[in-house]
Each structure stands twice: as structure tokens, then as C-alpha cells.
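Given the coordinates of chain L, assemble chain X onto it according to the supplied hints.
Sequence order for the protein chains is L and X.
Heads up, the first sequence is in my numbering, so the first residue is 1 and it goes up one at a time.
Heads up, the second sequence is in my numbering, so the first residue is 1 and it goes up one at a time.
Simulated from the structure, these hints should not be mistaken for lab results.
All of these numbers come straight from a predicted model, not from anything done at the bench.
Any given hint could turn out to be false.
Partner residues are not named here, just some residues of chain X that face chain L (Cβ under 8 Å, in silico) [said to hold, decoys possible]: (1) A23; (2) V26; (3) L27; (4) E32; (5) Y34; (6) L49; (7) L50; (8) S247; (9) D280.
Reference listing, derived: stretches of chain X covered by chain L, where coverage requires no fewer than 3 residues with Cβ under 8 Å from a Cβ of chain L [to be verified]: (10) 118-128; (11) 257-271.
Backbone N, C-alpha and C define an ideal beta-carbon position, used for all residues, glycine too.
There are 2 protein chains.
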Amino acid sequence: MDTKSKIEKLRALDREFRYLNKAIGVLQWDQETYLPESGVEERSEQLALLEGIAHEKQVDPQVAQLLNDLGSSSDNPQGDPKLDPLEQDYLRVLRRNYDKAVKLPVDFVSDAARAAGLSQAAWVKARQDNDFSVFLPHLSKMIDFARRRAAYWGYEKNPYDGLLDSFEPEMGTDAISAVFGPLGDRLSSLLQKIAARPRPDSSFLDRDFDTSTQAAFSREIMGKLGFDFGRGRVDVSAHPFSTTLGSHDVRITTRYLGRQVQSGIFSTIHELGHAFYELDLNPALGLTSLAEGASMGIHESQSRLWENVIGRSRPFWDYLYPSLVSHFPDHLKGISCETFYRAVNLAEPSFIRVEADEVSYSLHIIVRFQLERDLFQGSLRAEDLGQAWKDKMKQYLGIVPETDAQGVLQDIHWSMGAFGYFPSYALGNLYGLQFWAKMQEDLPKVQTLIGEGNFSPIRSWLRDHIAVHGARLPPQELLKSLTGQELSAEPFLSYIESKYSELYGL
Amino acid sequence: MDTKSKIEKLRALDREFRYLNKAIGVLQWDQETYLPESGVEERSEQLALLEGIAHEKQVDPQVAQLLNDLGSSSDNPQGDPKLDPLEQDYLRVLRRNYDKAVKLPVDFVSDAARAAGLSQAAWVKARQDNDFSVFLPHLSKMIDFARRRAAYWGYEKNPYDGLLDSFEPEMGTDAISAVFGPLGDRLSSLLQKIAARPRPDSSFLDRDFDTSTQAAFSREIMGKLGFDFGRGRVDVSAHPFSTTLGSHDVRITTRYLGRQVQSGIFSTIHELGHAFYELDLNPALGLTSLAEGASMGIHESQSRLWENVIGRSRPFWDYLYPSLVSHFPDHLKGISCETFYRAVNLAEPSFIRVEADEVSYSLHIIVRFQLERDLFQGSLRAEDLGQAWKDKMKQYLGIVPETDAQGVLQDIHWSMGAFGYFPSYALGNLYGLQFWAKMQEDLPKVQTLIGEGNFSPIRSWLRDHIAVHGARLPPQELLKSLTGQELSAEPFLSYIESKYSELYGL
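So that you can see chain L by itself, here it is in the shape it has in the complex (with noise of 0.2 Å):
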């Protein structure tokens, strides 16, 4: 076989295995939205067989094998210097890919498939019924199954540091330690000085609007941003999340809850950040592991950065609340966008991170990354963890959560085993004000553009800079490639205390 041929034949291979983790996707897209209660236990069977034959896919020894003739090793992963770049960024990312899962035996991630789907099952129960112990045996079965798997893969200091960088690559707990500890600090200043001053009136949001018409506002709005539902569509399910089923089914969920309308639609605004980015990958990517987003952090700064950056921006309301008035025109009456604009950028410590403000959000990670890293480390136990939250809670924000249901209880990703996740949701706000600093440069105009409700030119900027490239650059060579920095918290600070001196006149 020549060495074209023999790249042919990693991609075919490739592309059977990411057919069985889209069909995976399915499975898990439907236990999230429509699955009937009583499904939850052989649907955990069917995922485990299938995430099984799908690791036997990835690890496949030819795949090894064709790695091998073409001069890709764990060493030298993008293989033979005469390969053209895409095809060098193609065997590195697939050399990482199998190096990470050749690791893992196929009965470990049966097991773990198996676990996690009767996990998350465990999980809604727990929540719905503030019953943290109906989950505590789950997640100790979570931790357990990570605890393995940062072992098979291995690790320099601590078993976290192979957790995180399964979601960012070249991210370990020092790195991200050394980031989110001047974070923590500016952002607690900026939210006790934001105490000091008189709270906007946000009481309006807090009536019952009907969720129906929430969910059509929401696609209205999805469509105003460009969402083409011929490639995806929007459900409700009970944490929102966004899905890849393929390159032209890209699905969002979200939620809407009875009273606090807002909530609904950052959700939706939140998950069409990634939906974006997922529909927009280059198509000459084919359909290879080349087509993913670069890392979690760099896909939750599209999500964050949509949400938040133009979503809760005063322009952005400028276009859109006429819209909103016109479906909910009883309960806005009287109510100007300018306070409606405040209300909804209201910044005060909350328990529910999803449906924090941008000042405390990160906090809320924190927390998080903190509880995950001395779980890790053996000094927290699993049945401490209510306990542990409140605490840091306290030191963060200042609060203590009454019930489990909004504090250890709240987020998803601990029932799924997804720990080292969560710091990717504040890199995601670093990365994204960094981007938007250097899209600025280009579209100076930027505001203006999103106030005429015309954000084609800022998704096309996002496409051509960031999506364009999928997998093929690491997290920080990206960043670096496009905005000449390394990771800093400075543009992403110098953004939120710059808006929130304006709003609160600090």
C-alpha cells in the first residue's frame, strides 16, 4: 500500500469509528430527552455494548499498525516530515487519540459505560428528591471508574492532572491553579464591591411565563442568530447540552423554567454557541477525528462568548427585546429594555451555577475545580462532598446552599464521570474575551453589527479563525497562532470590570 492509500484506510477506519460514537450519541441524546423511565436500565446495556465496540474500533491494530508505517509515534506523532501539515495534524491527533485508549481495556470501558448510564439515572432521581444519598453510591462508583482511568493512562503528580487533559490538552492542576487563583481573587473584590451598591430591580423576571411560548421566543431566536433547523434542532431535557449526530445534525437541548424567563434563554443562546462552532468546522476535515472541536475550553469559549459576550450585551437587547415584549407584552409592560438589560446582567452570589451572572460564574468553577482536585488527591472523601461544597461555597461566594438539590446535587457532569470538565467553562471565558479582542481588530464595528441583529459576520469570523481549524491545533498553539498571547485572565477581567463598573457605577 502507498502512503496515500495507507492514510485512505486510517480515515475509513476513523470514520467507522466515529459512526458508532455518533450512534452512541443517539442513544444518550434520547435518554436525555424522550427515553421512557422504565428504558434507563437495558439502554445502559446497549451503550456499554456499543461504547465497547467502538473502543475495539479506536484501538484497532491496524490502526496502530498504519501509525506505525507512516512514521507516527508516541514521540513523533505527526509521523513522516514529508506528509503535507493537514495530513502531520491528522496522524498527531489521531496518534494521541489511540495512545489514550489503547490504555484502556475494552471491559473497563463497558463498565464504565454501563455504570454512568445508571449513574445519571441515579442522579435526576437524587436531585428531583434532594436525596443525596440515593446518588452517593454512584458516584463513588464515578470516582472509582476515574480514579482507573487517569491510572491506565498515567500521570506525573496526581490523578487529576490525566483527567484534565483528557478535556484540555497541556492543562494540568498547577497550570490551571496558577490561572484561577488572581481570578478568584479579582472576581470576589469585583462581586463584594458590586454588594455595595443598590440592586437593580429584576422582580418582573420573576413571575410565571408559559413555557410554550418560551420555547417558541427561543427558536425565534435561534433563528435570528442563524440556526439552520435542516442541521439540528433543539429539545428539552433536564440539564441543556449540545450534540454532534453528524456533521449535519448538530442538536442543542435547553430548558425553560416557570417563572425567571431569562434562564430558557441563555440555555438556548449557551448550546447554539456550540452548535455553531460544531456546524461550521471546515468540511474538508472530512468526516475524521480532525473534525472535533480543538479541546472543551476552546468549545465552551464559543458557547460562553455567544452567551454572554453578545448575548447579555445592551445592543444585543436593543435588537431583540421588542421581540420578547411581543410574546410576553402582559408581563413587560412598563418595563424598558435598560431595565431589562440590567436585570438580566445582575451580578450577586447565587447557588445554581447555570444560571449564574458572568462575575460569579467562575467562582462557581472554582468551587468545582478545587473539590475534583483534593478528591483526586485523597484528602476529600465522596460522602463529604455536600459537606466540602457548602464550605467553599461560603469562602467563594459567601452562601451556603440549604439543600443538596442546589448545591452537590445541581450539575450533570460528576453523575456522567466527566471530572476535569468543569475547568473548561472559566478557560472557556479567558479564551473567549481573548478571541474577541483580536475579532475586534477585524470587525471594529462589532456592536453595531449585533444591535441591526446582523451576526453572520461575526460567525463567519468565528468559522474562518477558530472552526476552520478543528482538531488540527492544540487549545494553546491556537490561541497563540491567532491572537499572538499565551493563556491570560487579563482581557477576559479587564471586559467584565469594565462592564459591570458601567452598570453598577463603580
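Just chain X now, with coordinates in the frame of chain L:
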């Protein structure tokens, strides 16, 4: 390995095969209900891959080895006579499935699955646009796949025999012709007598009925008939179907026309009949290949029994009509239950099979059976199907559809390659009334039960006499052991002639 362990091992392999099939089912269900338009092509690839993997599981050499070790061969499928009866039945079913599957090359299975996905999408479009030419190339491919499938399986006289056998074991072209001949004659003659009588008023059905109110009423019917929404769902698709995605996850789809409220009602009850059969399979059959319906004909006996014998009966509407009126008070103002009952039992030639009355329904099936038979005998070409359809409709129903959408394009079956399926519907009518006659011996007050909305004795009887056996008994054996009779059209014809003599005063 001892005998017990060998059977356990077979069961474990079988479960994996079935989990894969359920995963395939989820992807297919999603394709019919929620898949975005542009996602169809990759979905076909995903399905093709999964079908290939499932097929490989089914023909795993371990299965053959274990079957052989347990004394099962093609000539002695049930294996060692010292095995207990349940185990013998299990081996017989597995051997039949294995023998059929092993004859099909894995590439053939994948290719056929991929083509079926694209073909279904083309059919949807062709039907929408009333353009047979869009569908024809796909139809030709599906016919070719079916022909090759029959050739792989082998057949005595006609490839069509092989196809029929996969839906209804041991019912070949000749056996079906022998039953359908007199059935067609008696029904045609009944239809002619009816045509000479005054037509009942049904104009009040030809109004706009809000589809979300229809959906709410359908859910209410499902609840009243005893459907447990914790073990299933109802959704909307272009063509109603039921699918089993787990032993506690049985889903139906239906469709609501803007006019003709009865259409969605009877589709729902029909699919519900399928769902009850699947939900009520004996749990002792385990998650194995015994936990299936006995055949498609037996399956249709359940759905058509619920839809027609129960759902189109006078006591059923005595019970349910007030509730329908409360959903549509304006539409049904001044319409008595008797008038409604007569309108939904109106018999006359019409174009669409799924909307057909009980008298003409089987004639639609006879048309399709003859077209399929001629196609596979080689006396009819795919491109001539549209015209042949019109000719047969003229011959059996005396009417000719003006468009292909109302003719050859109306059914999904051929687009999926399911040639040989249609006869099951008419066989289901016959089996159903044979079962019903037997049930009336055990439940002489069945009409009273229906009138009281007390359906659980009926469902229990069907469960204890039919669903309990799953696939343990082949259809003819099930029929014989339960009713003491061979297949006969007599109970059905006597039911239909008596019902319609009363309705039309013949």
C-alpha cells in the same frame, strides 16, 4: 462447558445481538421522528455500519459451534431431546435465525441497510412531491436487494416465497393465494352490496380538527386502554409504526390529519395493539430471541384486533364518544354516538390503505400481494408499477387513483425493502378473528367489558394466550394449539358480513 453453561453463553451472545438491534431501532425511530433533513445521509452510513456489526454478531462462529454442540442442526433445529421444552424452542428459533443470517454476506447486509436509508428519504420526498421518478431508482435497488436476499436464502419456486417466509414462516405464495382468492371474492361481493345501499352521513368528519387536541385525545385513549407511559411513548411520523427499543421501551408513532379526526385515532389504536403484544411478552423469555412476536401476521392480528374488532365496535364508542365530544364540542354538536359509529364504519372503495374500512382493507392487501408476486416472478417491471397499481385498483376496488402519491407511493414498506410484509396484514385479520372467537368462549361478556371501558380482561387474555409464548410457537402451531383450527378466513368473513349486514341493512 456443561450444557447449562453452553445455553447461558448462547443467551449472552444473543443478548448482545439484540442490544445492537435495539440501538439500530433507536436510530431508525429517530430518523422517522426527529432527524433533521440534512442528517439523513450520514444516518444511513451509521445504520449500515451497525447493521453490519449486528449481522456479524448473529453469525458469530461461536453461535454455530454452540448450536452444534447442543445437537441443533438445520434438520433437527430444536437440538438434544433431553433439553427442556423452553430450551428446545430457543434452539429452534436461534437455528432458524442463524441459518437465514449466515447465508447473507456482511457487505450485502451493510449495503442493503445503507441503500434502505437513502431509499426511505427519497420515498418521503417522492410522496410529498407526487413524483414517482424520484423514487424509482431507489425502488429498483431495493427490489434487486430483495431478489438477491431471496437467492442467498434459497427458495423452491419463486424468490417471493423466500421473502414471504421471513415474515410469515411456512406461508408461501401458493398457500397465501389459496386463502386470498376466496377472501377477495367474498369481500368484493360484500362491497358491491354495500354500494347499493344509502351512504351514511360522514360529512361532519371532513372539518378542521386541531392536531394538538387530536394528540391529547390519542394520549387519553392510550391511557384508557391501559398503556403505561413509563414503558413507552407516542410520537408523530409520516407513516405510523411501532418499535421495541427495550423490553420496557416500546414506542408507537401516529399521524394526525388536519381533517378526518378518525384517522389519527385508529392509527394510534392499531399501533397500540402492536405495543401491547411486545410489552406483554413473558419476562421469563428473557432478553433473547424468544422475546419476539411469533410472526408479522400474528403481530398484525393483535393490532388489527384492537383497532377494528374493539376500536370500531359500537360499545367502544358508547364508552369513548362523550370524551371525544368534550375535546371537540363544536365539531360534534348534534352528532349522536350512533351517527359517529356509522360514519367511522362507512365502507366504500378508497385509495389509501391505512385509511381503509374493514371491508375493503384486505382488498388493498390483495392488490399489493399480487403486484409483489408479479414483480418477483419477473412478469412486472418496477417502472410499470404505477400503471399496474392503477389496473389492480380498478380490478379489485373499482376505482383508479389520479396521483402516484395516492397510489404506488403511499406505503413506506417497499422503500425499506420490506417485500412480502403486506400479506401479514390480511393474515392478521384472519388470525385475529380466529383468536377472537376463542376469546369469546372465555369472556362471553366481552362486549359489555368494552362498553364499560374495562379493557384489562381482554389484554390479560391476549397476554396469557398469545404474548406469553413470544416466538416459542410458529404461527400455525400457535393458532392450532389455541383454537384447534388451521388458518381460515371463515371467522373473519362471518364477523365482517354480520357487522356490515346490520350496519347497512343487507
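Grab the minimum C-beta distance from X/E32 to chain L and call the hint holds if it beats 8 Å, violated otherwise.
-> Since the shortest Cβ distance to chain L is 13 Å, the answer is violated.
Does X/A23 pass the interface check with chain L, least Cβ-Cβ distance below 8 Å?
-> 5 Å, holds
Is the interface hint for X/L27 satisfied, with its Cβ closer than 8 Å to some Cβ of chain L?
-> 5 Å, holds
Three-residue Cβ test at 8 Å for the coverage of the segment 118-128 of chain X by chain L | It is violated, with 0 qualifying residues against the three required.
Report holds or violated for the interface hint on X/S247, using the least CB-CB distance to chain L and a cut-off of 8 Å.
-> With a closest approach of 7 Å, the X/S247 hint holds.
With a cut-off of 8 Å, does the beta carbon of X/D280 approach a beta carbon of chain L closely enough for the hint to hold?
-> Where the cut-off is 8 Å and the nearest Cβ of chain L is about 14 Å from X/D280, the hint is violated.
Would you check whether X/Y34 satisfies its interface hint, that is, whether its CB is within less than 8 Å of any CB in chain L?
-> 6 Å, holds
Restraint satisfaction for X/L49 [CB to CB of chain L, less than 8 Å] = 5 Å, holds
Per the CB criterion, is X/L50 less than 8 Å away from chain L?
-> 6 Å, holds
Hinted contact X/V26 with chain L - closest CB pair below 8 Å | X/V26 check passes; min Cβ-Cβ to chain L is 5 Å, inside 8 Å.
Counting residues of the segment 257-271 of chain X whose CB is closer than 8 Å to a CB in chain L, do you get three or more?
-> violated (count 0)
Hint compliance for this structure: hints 4, 9, 10 and 11 are not met, and every other hint is.
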